[in-house]
Amino acid sequence: MASRKLVRDLLITKQPLLQQLVHQRRVGARLGLLQGNGFASHRRFSVFSEFSKKIRGEADSNPEFQKTVKEFKERAEELQGVKEDLKVRTKQTTEKLYKQGQGVWTEAESVAKKVSSSVKDKFSAATEEVKESFKLGKEESAESASSSGTGTTEGEKQQQQSGSTEEQDTFFGKFKSSISSPKLSEAFHKPLDFAKKGLDIVKDELRGNPSKRKHLEYTPPPPFTGERSTRTEMVIMPTKQSKWQKKWESLREKMQGYPVFKRLSGMSEPVVNKSQEIAEDVREKWETSDNPIVHKIQDMNERIFEETGSASTYKEIRRRDPSFSLPDFVSEIQEAIRPVLNAYSKGDAKTLKKYCSKELIERCTAEHRAFTSQGYFFDHKLLHVSEVDIQETKMMGTTPVIIVRFQTQEIFCVRDQDGKIKEGGQDTIHTVYYDWAMQQVDAAELGEDAIYPIWRLREMLRAGVQALI
Amino acid sequence: MAINRSSDHESDENTRLYHPYQNYQVPIKSQYLYKLPTSPEFLFTEESLKQRRSWGENLTFYTGTGYLAGSVAGASAGIFSGIKSFENGDTTKLKINRILNSSGQAGRTWGNRVGIVGLIYAGIESGVVAVTDKDDVWTSVVAGLGTGAVFRAARGVRSAAVAGAFGGIAAGAVVAGKQVFKRYAHI
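Taken in sequence, the protein lines are chains A and B. Note that full-length UniProt numbering gives residue 456 to position 456 of the first sequence, counting from 1, and the numbers run on in steps of one. Note that full-length UniProt numbering gives residue 40 to position 40 of the second sequence, counting from 1, and the numbers run on in steps of one.
Careful, some of the hints might be misleading.
Claimed, not checked - Okay, the calculated bits of chain B under chain A, using three or more residues with CB under 8 Å as the criterion:
1. 124-130
2. 170-178
As the list claims (entries may be wrong) - For the chain A half of the interface with chain B, some residues (derived, Cβ under 7 Å), not all of them:
3. His384
4. Val385
5. Glu423
6. Asp427
To be verified - Straight line, CA to CA, 25 Å or less: simulated PhoX-like cross-link-like pairs of lysine-lysine:
7. A:Lys381 x B:Lys84
8. B:Lys134 x B:Lys182
9. B:Lys95 x A:Lys346
10. A:Lys350 x A:Lys381
11. A:Lys422 x B:Lys50
12. A:Lys214 x A:Lys196
13. B:Lys134 x A:Lys381
14. B:Lys50 x B:Lys178
15. B:Lys93 x A:Lys420
16. B:Lys93 x A:Lys422
17. A:Lys381 x B:Lys182
18. A:Lys420 x B:Lys50
19. A:Lys420 x A:Lys346
I should point out that these hints are in silico values taken from the structure, not numbers from a laboratory. Note that this is a predicted model, so its numbers are computed, not measured. Heads up, the beta-carbon is just placed ideally off N, CA and C, and yes, glycines get one too.
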């Protein structure tokens with residue numbers, strides 16, 4: 001900037017100088033003529049002196065020249081001022097930078113100090129809490145020792161007890177406060193969660209899985225509170241293909257593009273048809289032959305590889321109820337035997353409706369009505385129920401049936417209207433063998449809300465009644 | 001002859017002299033033809049240091065002891081539950097019937113369960129000892145863990161895991177308790 005200014009100023013000042021020089025040349029020409037006429041020996045010295053005299057005269061007489069000179073001086077002074085300003089500015093900027101650096105460093109130091117002070121404060125607070133809690137513990141032990149040592153009046157004893165209880169409260173309160181502090185809770189949160197999960201799992205295992213669905217009892221599902229849509233349109237959706245399927249499809253398309261595979265596919269159709277016809281002919285001959293050896297082979301095949309009734313029944317049960325478990329089913333029957341038999345002997349239709357089908361309920365009511373009209377009143381007591389065994393599993397029509405057997409010990413006692421004993425006795429014990437046929441009931445028969453099928457008692461058979469000495 | 005007899009008696013202490021005609025009054029002068037050992041023989045000295053039941057004896061011991069303990073415990077509990085189930089108007093016959101029924105059923109059930117657990121434990125422990133050639137606390141812990149897992153495997157993976165953990169802890173506790181008992185009881 002300064003150099004440019006200098007150059008500009010010089011150019012501006014040179015213009016009037018050049019004009020003056022041009023003017024001086026004209027003046028020089030006149031001087032030469034005069035000198036040729038007068039003095040030949042002093043020509044050179046006189047020229048220079050005249051020249052200087054003329055210049056001075058021009059300067060004194062010409063105001064423009066004076067102005068230009070003044071301006072030149074002023075601008076030179078300005079340049080000096082500019083230099084000084086530059087020096088001052090550089091000093092100022094360096095000082096500013098230095099100060100800024102110092103400020104940043106001081107700010108960083110202050111921030112670090114603040115952080116360290118806060119951390120120290122927190123740590124000191126935590127340590128103080130711990131110390132206070134431990135001190136409280138020590139004080140409690142000391143006070144308990146002192147109270148046991150000294151013999152005081154009842155009032156003072158009560159006061160000390162109340163004091164100790166209060167301090168215990170504060171002790172536990174401080175422990176709670178220390179535990180409730182966020183850092184400690186964050187530190188111990190995860191292991192506590194794991195421990196809780198483990199305890200929950202162990203409790204579930206010890207309870208014996210109550211969340212499982214029962215097979216004998218119908219439990220309606222919870223009511224649906226959301227909105228139900230009335231739309232029943234069918235929409236075609238593309239199936240999701242995995243990466244390998246996509247690759248296989250692309251590979252197959254590539255292969256089908258080749259002419260060799262086209263020819264092979266063209267040739268394969270008649271081969272397949274021919275082989276199928278041959279196979280059908282062979283099968284027909286085998287099935288319609290009259291050779292006794294072939295018949296024996298067919299019978300053996302059917303006997304060995306045919307599916308049994310139990311297998312087909314289990315398949316049907318699992319198809320309808322995938323979560324069916326036979327041991328669970330047996331344990332549920334074991335629990336249901338006592339209420340069902342008591343209800344049956346008393347003719348309690350309400351209880352029987354839970355477990356039995358309509359046919360059995362009608363049979364029970366009919367028997368009860370007949371015996372009552374004849375004057376027989378049964379006073380049965382169930383003493384013991386043995387374990388339940390599964391005898392058979394079969395299909396009855398389109399519904400699966402499981403037949404179970406168990407044994408009971410009962411008191412056999414028949415009374416008349418007046419309460420006298422007609423048959424048996426008050427302590428006559430009979431062993432009775434029961435066969436129960438449990439039938440699966442479809443969900444559609446239970447009601448609209450039912451989702452899963454349940455099992456009900458379809459038939460009951462008493463057998464093998466004999467006295468037990 | 002006398003000198004030879006005395007020297008034979010004095011020299012071999014672990015043997016006894018066998019006289020084939022000891023019980024017969026036969027006038028034969030040739031005596032002490034054989035010398036038989038009085039203790040079992042081992043090919044290697046390390047074998048005589050081990051004191052452990054074989055796998056078959058172990059199986060029988062654990063199964064039988066388990067069944068017996070389970071039966072006795074179940075029967076005792078059954079007796080008490082039978083007594084609790086008495087009703088008003090029960091005669092002596094009915095009371096005896098209730099007690100016998102409940103104790104018999106509970107004893108049978110618990111005997112079977114504990115016997116099965118003992119059987120599985122014995123099998124797994126013998127297997128572990130055969131594989132690792134060690135018999136210490138960790139062997140019992142591993143056997144307990146395997147027993148619990150096998151016993152509850154049919155119920156599902158979670159049940160098997162919980163039962164395995166419980167079994168391992170129980171086996172370790174029993175063995176540790178046994179060692180402590182031996183150390184401090186001086187029996």
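These are the hints, each one checked on the structure:
| no. | hint | verdict |
| --- | --- | --- |
| 1 | 124-130 | violated (count 0) |
| 2 | 170-178 | violated (count 0) |
| 3 | His384 | 4 Å, holds |
| 4 | Val385 | 9 Å, violated |
| 5 | Glu423 | 18 Å, violated |
| 6 | Asp427 | 4 Å, holds |
| 7 | A:Lys381 x B:Lys84 | 17 Å, holds |
| 8 | B:Lys134 x B:Lys182 | 20 Å, holds |
| 9 | B:Lys95 x A:Lys346 | 24 Å, holds |
| 10 | A:Lys350 x A:Lys381 | 20 Å, holds |
| 11 | A:Lys422 x B:Lys50 | 74 Å, violated |
| 12 | A:Lys214 x A:Lys196 | 28 Å, violated |
| 13 | B:Lys134 x A:Lys381 | 59 Å, violated |
| 14 | B:Lys50 x B:Lys178 | 19 Å, holds |
| 15 | B:Lys93 x A:Lys420 | 21 Å, holds |
| 16 | B:Lys93 x A:Lys422 | 20 Å, holds |
| 17 | A:Lys381 x B:Lys182 | 54 Å, violated |
| 18 | A:Lys420 x B:Lys50 | 76 Å, violated |
| 19 | A:Lys420 x A:Lys346 | 18 Å, holds |
The structure is inconsistent with the numbered hints 1, 2, 4, 5, 11, 12, 13, 17, 18, although it conforms to all the rest.
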